[in-house]
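*Asks:* One letter stands for each residue in the lines below.
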Amino acid sequence: MIEDAKDFALIAAVQAGLPVAARPYALIAEKIGLTEGQVLERLQRLRQCGLIKRWGVVVQHRALGYRANAMIVMDIPDSQVDQVGRLISRYDCVNLCYQRPRYPGVWPYNLYCMIHGKSRDAVWVQWQHLQDECQLQAYPFEMLFSARCFKQRGAQYARLNQGATNGANPQIPTSNPVAAYG
Amino acid sequence: MKLSPLHKRLLNDFQQDFPLSSAPFNEIAQQLGVDEEQVLDAFAELTECNAISRIGPVITPNAIGKSALVAMAIPDHDLERVAAVVSAIPQVNHNYERENRFNLWFVLIAEDKNRLDELVARIELQTGYSAMVLPMLADYFIDLGFELDLHD
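Chains as they are written, first to last, in our numbering: chain A, 1 to 182; chain B, 1 to 152.
Chain A on its own, in the form it takes in the complex (with noise of 0.2 Å):
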């Protein structure tokens, strides 16, 4: 995973995005103190033991017509969580897909899924396929929609290191989000 204090600074650099130019990873690898050729084989480092768990165009939803995005909550018996989490990853309208924990009596729900469509009939329908299909009708569900946003932006991973490298962090540009709901 990480190995040193310069696959920090790498990180910081690019999770606000890669300048789109000619040599982008050239300008990354300048601003760090690597060579362009460092910079690249780090990233591929990181993306192949998996800490980089997707490298490319990150899309916005909402500016793309995808207005309305749902939290769908289920509550599955822990036998069976494993095997319905897998299977309705695989669906194209999931998008992000975990269990955490129940707090009984007050929130049964251990399995969380996000859907993300064009209106929230759109939501409706693809929840209700995904049900039929994945035979989770008999499971009690909550289906949360966002309603107001009130902050989105990066995960500040550089920040996580202070004090392991003396502090020698480069200020980590904010506005978008790279971690997705951990």
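Hints were generated in silico from the structure; no laboratory data involved. Watch out, some of these pointers could steer you wrong.
Unchecked claim - Using 30 Å as the maximum straight-line C-alpha spacing, the simulated BS3-like pairs for lysine-lysine come out as follows:
(1) Lys2/B / Lys151/A
(2) Lys6/A / Lys113/B
(3) Lys53/A / Lys66/B
(4) Lys8/B / Lys53/A
(5) Lys118/A / Lys8/B
For clarity, every value in this text was computed on a predicted model and none was experimentally measured.
Model the placement of chain B on the given structure of chain A, informed by the hints.
*Replies:* Leaving out everything else, chain B in the frame of chain A:
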């Protein structure tokens, strides 16, 4: 903005594996049979109109630090105050109102679990409401990006 066929391909085809090579935009241009300049212009336009938030990494949850989803049930009249308190904390991102009795949902990220617990305690103290901490136990989703329906 009206999206051109080139815009659509750039949006859909490079979410998973954007080239990790010295001249990535040129590599894309060659794949698509257009000039590098056209690709650079099209990406600049997509950025300009907010169709893309960035070209860059999506980090695996909890690969760096410890994060958790947190939910709070706040009376409507107090929601804006509490949301502002929460948003002001640098370790908070994705702070949303959702339609539920638990109506405030946000993600906290900290160095480790102890620091995460401290932050939650601070939020409860400052807001006067309790927080339900929902760390990820398993991640089932293989992130291949988001397939856009760009036909309408």
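*Asks:* If a hint holds in the structure, say so; if it doesn't, say that too.
*Replies:* Status of each hint after checking the structure:
no.: 1; hint: Lys2/B / Lys151/A; in the structure: holds (28 Å)
no.: 2; hint: Lys6/A / Lys113/B; in the structure: holds (24 Å)
no.: 3; hint: Lys53/A / Lys66/B; in the structure: holds (16 Å)
no.: 4; hint: Lys8/B / Lys53/A; in the structure: holds (23 Å)
no.: 5; hint: Lys118/A / Lys8/B; in the structure: holds (17 Å)
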